[in-house]
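Colleague: Chain residues, written in single-letter form:
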Amino acid sequence: MNSLETQVLRLIGESTASPDVFGELTDSFQQIRGSLNDAIQELNMATGAYRRTYFLPIYSGQQLYRLATVVDYIGYVVQAWDRARKYRLMRTDLMALSRFDPWWMKLSGPMTQYFQAGLNVVGVYRLPSENTVLELDCVMIPSPYTAGTDAIKLRAQYQRAAVHYAVSEFYASRGDANRANEYFTRYLETANLMMLRPGMAERQYYIGSVDKPGATEAAAK
Amino acid sequence: MTTVAQSITRMRRFLRDPDGLIWSGADLLAYWNEAQQEVAQKTGILERIEAHYYPPMYDWSYMYDWELAYIKGDTIQCFSFDTRTGDSFMYPWEAAYSRENINATDDGARFMHPWEALYVSPAGPLPFKLHSRFDQAKYVAFDKEPIQPITENELALYDRYYQTATGEPTHYWRRDEFSNIAYLYPQPAAVWQVPSVANTFDDAGGIIVGDAQWLDTGDLGLITDVISVDNALFMVYQAIPFDVGTASEESEFPAWLVKYVEYAVLERAFGADTDGFIPSLRDYWKSRKEIGIQAIKRFMRMRTQDRDYRLGGLRPTARGRHPRLPSTYPDFY
Numbered sequence: 001m002n003s004l005e006t007q008v009l010r011l012i013g014e015s016t017a018s019p020d021v022f023g024e025l026t027d028s029f030q031q032i033r034g035s036l037n038d039a040i041q042e043l044n045m046a047t048g049a050y051r052r053t054y055f056l057p058i059y060s061g062q063q064l065y066r067l068a069t070v071v072d073y074i075g076y077v078v079q080a081w082d083r084a085r086k087y088r089l090m091r092t093d094l095m096a097l098s099r100f101d102p103w104w105m106k107l108s109g110p111m112t113q114y115f116q117a118g119l120n121v122v123g124v125y126r127l128p129s130e131n132t133v134l135e136l137d138c139v140m141i142p143s144p145y146t147a148g149t150d151a152i153k154l155r156a157q158y159q160r161a162a163v164h165y166a167v168s169e170f171y172a173s174r175g176d177a178n179r180a181n182e183y184f185t186r187y188l189e190t191a192n193l194m195m196l197r198p199g200m201a202e203r204q205y206y207i208g209s210v211d212k213p214g215a216t217e218a219a220a221k
Numbered sequence: 001m002t003t004v005a006q007s008i009t010r011m012r013r014f015l016r017d018p019d020g021l022i023w024s025g026a027d028l029l030a031y032w033n034e035a036q037q038e039v040a041q042k043t044g045i046l047e048r049i050e051a052h053y054y055p056p057m058y059d060w061s062y063m064y065d066w067e068l069a070y071i072k073g074d075t076i077q078c079f080s081f082d083t084r085t086g087d088s089f090m091y092p093w094e095a096a097y098s099r100e101n102i103n104a105t106d107d108g109a110r111f112m113h114p115w116e117a118l119y120v121s122p123a124g125p126l127p128f129k130l131h132s133r134f135d136q137a138k139y140v141a142f143d144k145e146p147i148q149p150i151t152e153n154e155l156a157l158y159d160r161y162y163q164t165a166t167g168e169p170t171h172y173w174r175r176d177e178f179s180n181i182a183y184l185y186p187q188p189a190a191v192w193q194v195p196s197v198a199n200t201f202d203d204a205g206g207i208i209v210g211d212a213q214w215l216d217t218g219d220l221g222l223i224t225d226v227i228s229v230d231n232a233l234f235m236v237y238q239a240i241p242f243d244v245g246t247a248s249e250e251s252e253f254p255a256w257l258v259k260y261v262e263y264a265v266l267e268r269a270f271g272a273d274t275d276g277f278i279p280s281l282r283d284y285w286k287s288r289k290e291i292g293i294q295a296i297k298r299f300m301r302m303r304t305q306d307r308d309y310r311l312g313g314l315r316p317t318a319r320g321r322h323p324r325l326p327s328t329y330p331d332f333y
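Here the protein sequences line up with chains A and B, keeping their order.
The numbering of the first sequence is my numbering, which starts it at 1 and goes up by one.
The numbering of the second sequence is my numbering, which starts it at 1 and goes up by one.
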């Protein structure tokens, strides 16, 4: 049991020393662990806080590469570095590339740009003329941890938010929507993700002034 | 990958219905198929990148609509279907002659399987089916050169022989969206790789010519497949997910996005008019789903953070300072 799990048990009123219902091997506990994993993944997805560098072997004459990791999941690439040439590849996309050079899949030469298509395909421009290695700095989505001793791949500032997320789902599983909502709001506030909630207070923006109910009468007086 | 069965187990904990007394497995699967389509269409997160051989080959070519119910695999409808009489015919004059004894001129050969068109002078365009999960094209290239969409009306206005013109393709067009069939314009005259197209439209999609499984090691943590686009139709498109038939199937969503489909299923389950109808929980999961969709959209926006946007297209060059007189000089003299 890790520190986040312990904190969840405290908030739901369970003993942390000798849990009554939420022993580490029980299904109930797996639900809490699953909620924490979901929170960790969502927070990393929404903030892009967790990055790793991976090494992409580039084959001469091959431009498109489908990536699949065995540890964690690739979110997106934030930098591509050609170490052999000490060169940072500029990010582009298929539309821009096609407009800039319609023969982008035909002309070979040193790589100057890269793009990402879909969730896991990376392409380079120009068509590589020699084998090399590209260093890709990627925002990663952590794979779920499965044991209390596994690393928690979440920035310390967000760990408390993840606890609130799990507590919210605990109350939802008990049928208490009010408390579930209360803790989910805490999660969003603690993680500073309130902008994700679409149901924020309605606002109407104006340039200049606007007549409010009763304003005309007040001005007349 | 996560199977739908694993998700159902998780969802049943939230539903407090572990034995399926209120919501059966079939109910949850039906909600699942609806929910995954909602999340996919609201976010556009599912993109497929594939290379298809051309000309395509199909397991079956059929004439009448009713035949479709008796065949399985990749299919395409051949010849023309006369909605006036319900007949299938090869040449348009047949329709006029069989009823009215009217003769009409025609030219070119008709074909049953699309690849046959490359061995004759065809009377019509060579059809190829888009992927069954195709939603919107993001990028299409043929033999490494980009091709643009065009409507049939524009094309007919521009070239009277658009159905049979051959050359290097510059455009693709679609007659309708229901049939999911597209055509290249002009049609390529060459024949490629006919014997090796068995898996053209399978779920795996892309044609993998290089397979570097030796990279599957803990040190590198990366498996790389190479996508070949030589002589192929390269397509990037937004996809809609496959319907799940049984709970043992895997979701098309990456494992870290499956939870948002689960939230949408829970919203539907608690909102259904059953003994488990609980509006407060329905609203809670609806809110979770909508926040999740916003999170996915934010994630997709963040994917472009390495882009370097600027007006004008070029980085402004640094200007040196103008030559100046020493400060000890008088202001004027």
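Everything labelled a hint here was simulated from the structure, so no lab data went into it.
Honestly, I wouldn't trust all of these hints.
Residues of chain A clear of chain B, computed beta-carbon distances all greater than 12 Å [as the list claims (entries may be wrong)]: (1) Q7; (2) R66; (3) K86; (4) P110; (5) E130; (6) Q157.
Taking lysine-lysine and the DSSO-like style, the derived pairs with C-alpha atoms no more than 30 Å apart in a straight line are [stated by the list, open to error]: (7) B/K297 to A/K106; (8) A/K106 to A/K86; (9) B/K144 to A/K86; (10) A/K153 to B/K138; (11) B/K144 to B/K129; (12) B/K286 to A/K106; (13) B/K129 to A/K106; (14) B/K286 to B/K297.
Bear in mind that the values here come from a model prediction, so they are computed numbers and not experimental data.
For every residue, glycine included, the Cβ atom is placed at its ideal position computed from N, Cα and C.
Colleague: If a hint holds in the structure, say so; if it doesn't, say that too.
Modeller: Tested hints:
1. Q7: A/Q7 clear of chain B: closest Cβ-Cβ about 20 Å, beyond 12 Å.
2. R66: Violated: least Cβ distance 4 Å, not greater than 12 Å.
3. K86: Nearest chain B Cβ is 18 Å from A/K86, so the label holds.
4. P110: holds, 19 Å
5. E130: At roughly 15 Å from the nearest Cβ of chain B, A/E130 sits farther out than 12 Å, so the non-interface label holds.
6. Q157: holds, 17 Å
7. B/K297 to A/K106: violated, 33 Å
8. A/K106 to A/K86: Between A/K106 and A/K86 the Cα gap is close to 24 Å, so the pair holds against 30 Å.
9. B/K144 to A/K86: This hinted pair holds, its Cα atoms lying about 28 Å apart.
10. A/K153 to B/K138: violated, 34 Å
11. B/K144 to B/K129: holds, 20 Å
12. B/K286 to A/K106: Distance of about 48 Å is beyond 30 Å: violated.
13. B/K129 to A/K106: Given pair B/K129, A/K106 holds - Cα atoms ~26 Å apart, limit 30 Å.
14. B/K286 to B/K297: Roughly 17 Å between the alpha carbons, so the hint for B/K286 and B/K297 holds.
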